[in-house]
Amino acid sequence: DSGVTQTPKHLITATGQRVTLRCSPRSGDLSVYWYQQSLDQGLQFLIQYYNGEERAKGNILERFSAQQFPDLHSELNLSSLELGDSALYFCASSVGGAGGYTFGSGTRLTVV
Amino acid sequence: DAKTTQPPSMDCAEGRAANLPCNHSTISGNEYVYWYRQIHSQGPQYIIHGLKNNETNEMASLIITEDRKSSTLILPHATLRDTAVYYCIVRLPHGGSQGNLIFGKGTKLSVKP
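Protein chains in written order, with our numbering: chain U, 1 to 112; chain B, 1001 to 1113.
If we strip away everything but chain U, and leave its shape as in the complex, we get (with noise of 0.2 Å):
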């Protein structure tokens, strides 16, 4: 256990729909990541929220947004879903600084 908890572990859905992945940090990390691996792309990073506030933006599509609550848990919001959404979706966290980042064990999701 890395400390960095995601759920759901699996979700399957249908294209147009929406869904919500949620995120909970180790405890004392204020930063959390979200980041995409689907098998032709690799892992792209999405967004990174600090202590509640967006600090960086990759790769996230417009039908994606996230969010960092006061308790530090983050979700990742994805509408409009299309086939090609289908993909590992990965949550890190961090202290801050040169320090490393902490991964969970990632949500799959299916998009039919």
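The hints are simulated quantities; they were obtained by calculation from the structure and are not laboratory data.
Treat the numbers as computed from the prediction; the structure is a model and nothing was measured.
There's no promise every hint is true.
Computed list of lysine-lysine pairs in PhoX-like fashion (alpha-carbon distance at most 25 Å, straight line) [said to hold, decoys possible]: (1) U:K57 with B:K1003; (2) B:K1105 with U:K57; (3) B:K1069 with B:K1003; (4) B:K1105 with B:K1052; (5) B:K1105 with B:K1003.
FRET-style restraints, in silico, Cβ to Cβ [said to hold, decoys possible]: (6) U:S38 with B:N1053: 31 to 41 Å; (7) U:G28 with B:H1040: 41 to 51 Å; (8) U:T13 with B:N1054: 40 to 50 Å; (9) B:N1054 with U:T7: 31 to 41 Å; (10) B:G1029 with U:V112: 45 to 55 Å.
Residues from chain U that keep clear of chain B, each with C-beta distances beyond 12 Å, as calculated [as the list claims (entries may be wrong)]: (11) A14; (12) R22; (13) S27; (14) L88; (15) G104.
We treat Cβ as the ideally placed atom computed from N, Cα and C, and that holds for glycine.
Place chain B on chain U using the hints.
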């Protein structure tokens, strides 16, 4: 875009040292070198990081050349469980748009009995 170059794949015999190279010729003075690995669809696992000095922990050693343009991750006694994709990443320590982990394609290390 990833700022590192790694061989796409490597093999290593079980029990031998695995030496994984990484080129980062455009690294800036305050960027760190990080190594992560990903075992078959699990979340990436942090291994080690360094700025300019060699580093060692319970998992591996990191050797950074004096000019900092390349580094080598050493797994001293590879086991079958070390079979994974290994990612070498350079990043600034302060986060923000320039300081996030940007993953390249990595090196697929296969440890063989």
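Taking the hints in turn, this is what the structure says about them:
1. U:K57 with B:K1003: Measuring from Cα to Cα gives roughly 18 Å; hence the hint holds.
2. B:K1105 with U:K57: Between K1105 of chain B and K57 of chain U the Cα gap is close to 20 Å, so the pair holds against 25 Å.
3. B:K1069 with B:K1003: It holds: about 11 Å lies between the C-alpha atoms, which stays within 25 Å.
4. B:K1105 with B:K1052: holds (24 Å)
5. B:K1105 with B:K1003: holds (11 Å)
6. U:S38 with B:N1053: 31 to 41 Å: Because 37 Å falls inside the window, the suggested range holds.
7. U:G28 with B:H1040: 41 to 51 Å: violated (29 Å)
8. U:T13 with B:N1054: 40 to 50 Å: Taking Cβ atoms as reference, T13 of chain U and N1054 of chain B lie about 48 Å apart, which means the hint holds.
9. B:N1054 with U:T7: 31 to 41 Å: Holds: the Cβ-Cβ distance is about 40 Å, inside 31 to 41 Å.
10. B:G1029 with U:V112: 45 to 55 Å: Holds - the Cβ-Cβ distance for G1029 of chain B and V112 of chain U, about 49 Å, lies within 45 to 55 Å.
11. A14: holds (23 Å)
12. R22: holds (15 Å)
13. S27: Nearest chain B Cβ is 17 Å from S27 of chain U, so the label holds.
14. L88: Contrary to the label, L88 of chain U does not stay out of reach of chain B, its closest Cβ about 6 Å off (not over 12 Å).
15. G104: Given that some Cβ of chain B is not farther than 12 Å from that of G104 of chain U, nearest at about 5 Å, it is violated.
Consistency with the previously given hints fails for numbers 7, 14 and 15, ordered from lowest to highest.
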